[in-house]
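Chains A and B are the protein sequences, given in the same order. For the first sequence, my numbering gives the first residue as 1, with consecutive numbering after it. For the second sequence, my numbering gives the first residue as 1001, with consecutive numbering after it.
It cannot be assumed that every hint is accurate.
Said to hold, decoys possible - When the alpha-carbon atoms are kept at most 30 Å apart in a straight line, the in silico DSS-like pairs for lysine-lysine are as follows:
#: 1; chain 1: B; residue 1: K1068; chain 2: B; residue 2: K1147
#: 2; chain 1: A; residue 1: K306; chain 2: B; residue 2: K1125
#: 3; chain 1: A; residue 1: K169; chain 2: B; residue 2: K1125
#: 4; chain 1: B; residue 1: K1125; chain 2: B; residue 2: K1164
#: 5; chain 1: B; residue 1: K1068; chain 2: A; residue 2: K169
#: 6; chain 1: B; residue 1: K1125; chain 2: A; residue 2: K175
#: 7; chain 1: A; residue 1: K175; chain 2: B; residue 2: K1164
#: 8; chain 1: B; residue 1: K1147; chain 2: A; residue 2: K175
#: 9; chain 1: B; residue 1: K1152; chain 2: A; residue 2: K179
Claimed, not checked - Pairwise CB distance ranges, derived in the manner of DEER restraints:
#: 10; chain 1: A; residue 1: D168; chain 2: B; residue 2: A1019; range: 47 to 55 Å
#: 11; chain 1: A; residue 1: D237; chain 2: B; residue 2: D1110; range: 35 to 43 Å
#: 12; chain 1: A; residue 1: G297; chain 2: B; residue 2: Q1170; range: 28 to 36 Å
#: 13; chain 1: B; residue 1: Q1103; chain 2: A; residue 2: A301; range: 46 to 54 Å
#: 14; chain 1: A; residue 1: E276; chain 2: B; residue 2: A1035; range: 27 to 35 Å
#: 15; chain 1: A; residue 1: Q156; chain 2: B; residue 2: Q1027; range: 17 to 25 Å
#: 16; chain 1: B; residue 1: L1038; chain 2: A; residue 2: R241; range: 50 to 58 Å
#: 17; chain 1: A; residue 1: I281; chain 2: B; residue 2: A1162; range: 31 to 39 Å
#: 18; chain 1: A; residue 1: A165; chain 2: B; residue 2: E1101; range: 25 to 33 Å
#: 19; chain 1: A; residue 1: R241; chain 2: B; residue 2: E1101; range: 14 to 22 Å
#: 20; chain 1: B; residue 1: G1160; chain 2: A; residue 2: D168; range: 48 to 56 Å
Hints listed in this document are in silico derivations from the structure and should not be mistaken for laboratory results. Note that the structure is predicted; figures quoted are calculated from it, not measured. We put the beta carbon where it would ideally sit given N, CA and C, even for glycine.
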Amino acid sequence: MSCEASIDAIVDIICAYVNPAVSVVWPNGHSLIAQVSSESRLAKLGHRYGEEFGGLAARHQESASYFESFSVKVVGCDLKSLRKPEPMEIIRCSTAALLLCFVMAAGAASYSQTTPSQSDQNQPAQQENNKDQQKLPNAPSSSKPSLGDLGFPAEQTQANPQQQALLDKRTHMLKVHQKLGFITLFPLAATVISGAGAGGRSTSTTSRDLHAGLGSATAGLYFSAAYFALRAPKVPDTHTRGQIRIHKALAWVHGPGMVLTPILGAMAFDQKSKGERVHGIAQAHGPVAIVTAGAYGAAFAAVAFKF
Amino acid sequence: MRKLLIAIVLIALPSFAAAPIQWVLQQSTISYHVAHPLHDTLGVSHAARGKGVCQAGECNFLIAAPVKSFDSGDSNRDLHMLQATRGAEFPMVTVRTELPENQLENGALDANLQIEFAGQTAEYKQVPFQRSAEGSNVHITGTIPAKLSDFKIDPPSLLGIAVKNEMPIQVDMTWKPQ
């Protein structure tokens, strides 16, 4: 909603270093600075105190006397905050002040021409800066450094939605990997514990069947978890650092171990079922299983705890 | 002749009177701290750049750092952080503040900060910083009491337990006048 009203008082006209500006101070102490664009000759007036006054616009009355007179209008204001209106003051600058203003405006123009090449390299930063100037417009625009002034390479400041999508997919898959890997710990532990009762001379025991069942469940969960880790997309130009290296290195131990253990276990199970003593390579089932479980537990600890 | 002299003086005046003072961030260490019951994480960046312009008694500072420049010592965690903060979509974290120029002379200063991060803008009022002079340089330290929720970041979780919402950002900067 817009309205027009006389402002209470115009205290001063200042010529800022870059742009001529009108400083307006209300009797309640709130101040505003109007920046006058030399091109459009319309000013965007900012306000220090948020939404109270809305936007302001200032324009000069006669183009021939650019700095001689200003009428200041309040646009989009809250009339409640502009009670006790007084007649609008017309500010007249002396010839010297006019000259000063023109010199400063010229200086500003030449100053602003020195930076666009850097700013142009970074369109998002430029847009961001423009947006910020609208948000906090109470100071001359030149006094607010922009992201473009900091000299970051353009590729560092530009959004990369493709990479964000890649990261989202990677995180999703690794979260599934994490959950399945965590769940796998329980049947793995149960399998190791039940392994103690899986031996014996009997050709068929419940504990041996339970051990075999838990082992199968462990292997199924393990390979499901591994699938999500292996299929998670890799982020280019990323070097593996930190404890995740231990986690990954241990996969070279528990991965083959998780392949070998069920095979050896099946061989041992078969031999036991035939009433034979476990012999040959099947004897390695227990030791391989323990090493595998140990490596798996260590891999879990490597991501769960900091050491 | 007299008019010419006045004109010359007037032309020369602005270059002396209105020249803004500029500050450049010479070196910095910015770190975020995230706590989880199983372990804490400290991500550090030395890649921040900053600029300050003081004019008419007011100083405007801008500090920015690439989100991916924060290093926690674990590449996997850093990639998760980058994803959680949407660091590829919003690659820069920027801090803006406006200070009265005379506050820069004090040993302690309180700054109102506007932080843009993860596509959100959060404002922090009266954040205390310590200032010390090192020759012509100025050394500023302080902690910004940021929270994940300020930037609408879903707290990352490990083993079903989310990290704490608090994410204090420690700032250690050396500014050099230009």
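Hints versus structure:
1. K1068/B to K1147/B: holds, 19 Å
2. K306/A to K1125/B: violated, 34 Å
3. K169/A to K1125/B: violated, 37 Å
4. K1125/B to K1164/B: At roughly 22 Å apart (the allowed maximum being 30 Å), K1164/B and K1125/B satisfy the hint.
5. K1068/B to K169/A: Cα-Cα ~18 Å, so holds.
6. K1125/B to K175/A: violated, 36 Å
7. K175/A to K1164/B: OK: K175/A and K1164/B at ~18 Å, within 30 Å.
8. K1147/B to K175/A: Roughly 23 Å separates the two Cα atoms, so the pair holds.
9. K1152/B to K179/A: Distance ~24 Å between K1152/B and K179/A Cα, so the pair holds.
10. D168/A to A1019/B: 47 to 55 Å: holds, 48 Å
11. D237/A to D1110/B: 35 to 43 Å: holds, 41 Å
12. G297/A to Q1170/B: 28 to 36 Å: Cβ of G297/A to Cβ of Q1170/B: about 35 Å, so the range 28 to 36 Å holds.
13. Q1103/B to A301/A: 46 to 54 Å: holds, 49 Å
14. E276/A to A1035/B: 27 to 35 Å: 56 Å Cβ-Cβ, so the 27 to 35 Å window is violated.
15. Q156/A to Q1027/B: 17 to 25 Å: Taking Cβ atoms as reference, Q156/A and Q1027/B lie about 18 Å apart, which means the hint holds.
16. L1038/B to R241/A: 50 to 58 Å: violated, 19 Å
17. I281/A to A1162/B: 31 to 39 Å: violated, 46 Å
18. A165/A to E1101/B: 25 to 33 Å: violated, 45 Å
19. R241/A to E1101/B: 14 to 22 Å: This hint is violated: roughly 43 Å between Cβ atoms.
20. G1160/B to D168/A: 48 to 56 Å: violated, 20 Å
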